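J.: The chain contents come next:
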Amino acid sequence: MTTRKIEILVGAFIVLAVAAFLMLALKVANAGISGSGQSYVLYAKFENIGGLKVRSPIKVGGVVVGRVASIDLDTVYYTPVVKMEINEQYSNFPETSSVAILTSGLLGEQYLGLQPGFIDETVQILADGDSIQDTRSAIVLEELIGQFLFNRGN
Amino acid sequence: MITEKLQNLGRSTIDNLAGFGRSGVMLFGALVGKPNFRKGWPLLVKQLYVIGVLSLLIILVSGLFIGMVLALQGYTVLVKFGAEGMLGPLVALSLLRELGPVVTALLFAGRAGSALTAEIGLMKATEQLSGMEMMAVDPLRRIIAPRFWAGVISMPLLAMVFTAVGILGGHLIGVNWLGVDGGSYWSTMQANVDLYQDVVNGLIKSVVFAVIVIWIALHKGFDAVPTSEGISRATTQTVVTASLTVLGFDFILTALMFGG
Numbered sequence: 001m002t003t004r005k006i007e008i009l010v011g012a013f014i015v016l017a018v019a020a021f022l023m024l025a026l027k028v029a030n031a032g033i034s035g036s037g038q039s040y041v042l043y044a045k046f047e048n049i050g051g052l053k054v055r056s057p058i059k060v061g062g063v064v065v066g067r068v069a070s071i072d073l074d075t076v077y078y079t080p081v082v083k084m085e086i087n088e089q090y091s092n093f094p095e096t097s098s099v100a101i102l103t104s105g106l107l108g109e110q111y112l113g114l115q116p117g118f119i120d121e122t123v124q125i126l127a128d129g130d131s132i133q134d135t136r137s138a139i140v141l142e143e144l145i146g147q148f149l150f151n152r153g154n
Numbered sequence: 001m002i003t004e005k006l007q008n009l010g011r012s013t014i015d016n017l018a019g020f021g022r023s024g025v026m027l028f029g030a031l032v033g034k035p036n037f038r039k040g041w042p043l044l045v046k047q048l049y050v051i052g053v054l055s056l057l058i059i060l061v062s063g064l065f066i067g068m069v070l071a072l073q074g075y076t077v078l079v080k081f082g083a084e085g086m087l088g089p090l091v092a093l094s095l096l097r098e099l100g101p102v103v104t105a106l107l108f109a110g111r112a113g114s115a116l117t118a119e120i121g122l123m124k125a126t127e128q129l130s131g132m133e134m135m136a137v138d139p140l141r142r143i144i145a146p147r148f149w150a151g152v153i154s155m156p157l158l159a160m161v162f163t164a165v166g167i168l169g170g171h172l173i174g175v176n177w178l179g180v181d182g183g184s185y186w187s188t189m190q191a192n193v194d195l196y197q198d199v200v201n202g203l204i205k206s207v208v209f210a211v212i213v214i215w216i217a218l219h220k221g222f223d224a225v226p227t228s229e230g231i232s233r234a235t236t237q238t239v240v241t242a243s244l245t246v247l248g249f250d251f252i253l254t255a256l257m258f259g260g
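Residue numbers (the numbering used here), protein chains in the order written: chain A, 1 to 154; chain B, 1 to 260.
Chain B extracted, bound-state conformation (with noise of 0.2 Å):
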């Protein structure tokens, strides 16, 4: 009994390794080689359309919303100390450094990256993968790398827009609701918060985020079982896997950049 466990053990470590192996082969194949500006243009356009413009609307609704939760609730605690003039940043600081990023990288995941897992698998399990290789079509320039570059560029977008709009949220339930002052909700934000440190590596977190959570969304559709069966476990397992990698990389991150 113990053998079978340690067989187990065994062929998962193995199967794990050879899935990084395949994500990693992927990537290479649909990201390295020459650029083909003409024909990639269009590609990319749409699927900016489809993962970028489309994420929209959940994202700036769920950011208008965590701002203003933030407000209404960093307002209690503050006005305790009777330093509700410290709401703003507050507000910015968190949206800016943990929430914009992480928040808008799991929406994006359930989304998109699921999204985007379901028409690869499907792709697959229908054999238009296969269709264009017989055509002399290279699916992973065709459908990956499109969809990769949408995701790395959209993301960092998106994020910024959510914490645009949190801030906005913040002002909304703080200053006309609440009733701190609107100049100082501004100004000690602006006394508080820095380029480099707040709003630049809130960015490079989305960056990274993005790649992430592309690349297991890319990589368990184009890795998934081609059964129907197949296609709903790897949607699944894009959700879960990606959420949970990118909270384990912000942790890093955050100790990178802020806990020095």
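Bound conformation, chain A alone (with noise of 0.2 Å):
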């Protein structure tokens, strides 16, 4: 009778303990949601990519689409290539698209921002392992402080 109870109360304790787990794993770290969909990859080349980190969120107008997957210098130009995981439900981006590096708040992390370009007939849509052509950088804010010092110079 004892044994019965005791063994039901440590049932209880596991089960709550892996509640507890599936609470932080799920809600606090959100992980298996994000990570679950099919994804294609992009590729862009920028001037310098700033803070940008391996997976910072991609954004269409705010939404989040994908997360970068790694980042490389070229070897032959030197420049940062940046590999974008997106999630293959957004799979119809013309290659007119653009993207930035910017800035969440003033001070917050650093994420790319896809802007969707126009689609005519001789516009082709972006499939796995293409480039995104047009690009623009991160702003460093050193270079923008030096810039409007050298301004106001003159």
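Please keep in mind that the hints were generated in silico from the structure rather than gathered at the bench.
Each hint should be verified, as a subset may be incorrect.
With a straight-line cut-off of 30 Å between C-alpha atoms, the simulated DSSO-like cross-links for lysine-lysine are [what the hints assert, rightly or not]:
1. K39/B x K45/A
2. K53/A x K80/B
3. K83/A x K45/A
4. K5/A x K80/B
Note that this is a predicted model, so its numbers are computed, not measured.
Dock chain to chain to rebuild the complex, using the hints, since each chain is given by itself in its own frame.
T.: Shown next, in the form of structure tokens:
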């Protein structure tokens, strides 16, 4: 009788702990939801990526459509190449789309802002492995301040 | 006089070294060997109840209050920068990475470790352990092994319960009382907490702490001088040594996991 009660209480303890782990994994870390869907890959070359990191979000109009998969340096031109993984659900970006490195808020983290371009009969749709040509680099605050001071000097 | 001091130093060093050796031999004898699940399972469940389930109340209450205090303290600083939206990651990261594993280990050393040491020390003082050996029952396998596994299993579970309750406590104070936006509490948390970097590393920490605390508690009990004074000293030593070792290892693990 008491053994049975103890077994039930131990079982309840383990269930509670597993529920706590699931809450931590799903609600707090938000794993499993973002990584599950199919995705395709696009590339973009920048002059300067500023503070962009792997797993930074890619947003269209503020909605997250993918994440940065990797950031490498092109060994021919020595410019950063960003590999973007975009959700299969959003697979109809035309090749006239542009991508810019933006900052959320004044001190927030940096993200990639994707701006869909126009479509006519000569414009093709970006497919897996294509590159986006129209890119705008990150604004580096120090350069901006330097320019401002230089302009004031004149 | 100097030679006497040197002698004492040497003696305590050799004693400590022998103590390490005895604890290693004890753990080896308890864990290595053919497992007998049919006999071991009821003993393990009993110890899971004593060590895990009975520690649940103190873990739940202290987790809730630590989460609430974190939210309260963090809010007063963050609101100066207008960054009270970052309260979620503050509470979640400090609980997941540090406070969950460490405070659970300290509470566990006080709540379960001291009880284990006293129990085993008293078994030794009343010669129950010798009695078992006379009946050809290995006290290492019968007494030490189920308690060790019960501790190693239940402490990570307790740490997760602690962390989850702490985050809910932070939500209670931050969102329901101080008026932080509930959506941004969760969404900034989800944006900043990583499953492997934070949740799994915290879990690894608490497994390491579990081994440390339970090993020290069992060894101090098994090695206690079998008198009432010896048992009381062993119990004190368990809490002090386990707490200090946990804090030391916490620094090393933090440096390894998050330092680079």
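J.: Which of the numbered hints are not met once you compare them with the structure shown?
T.: 1, 4
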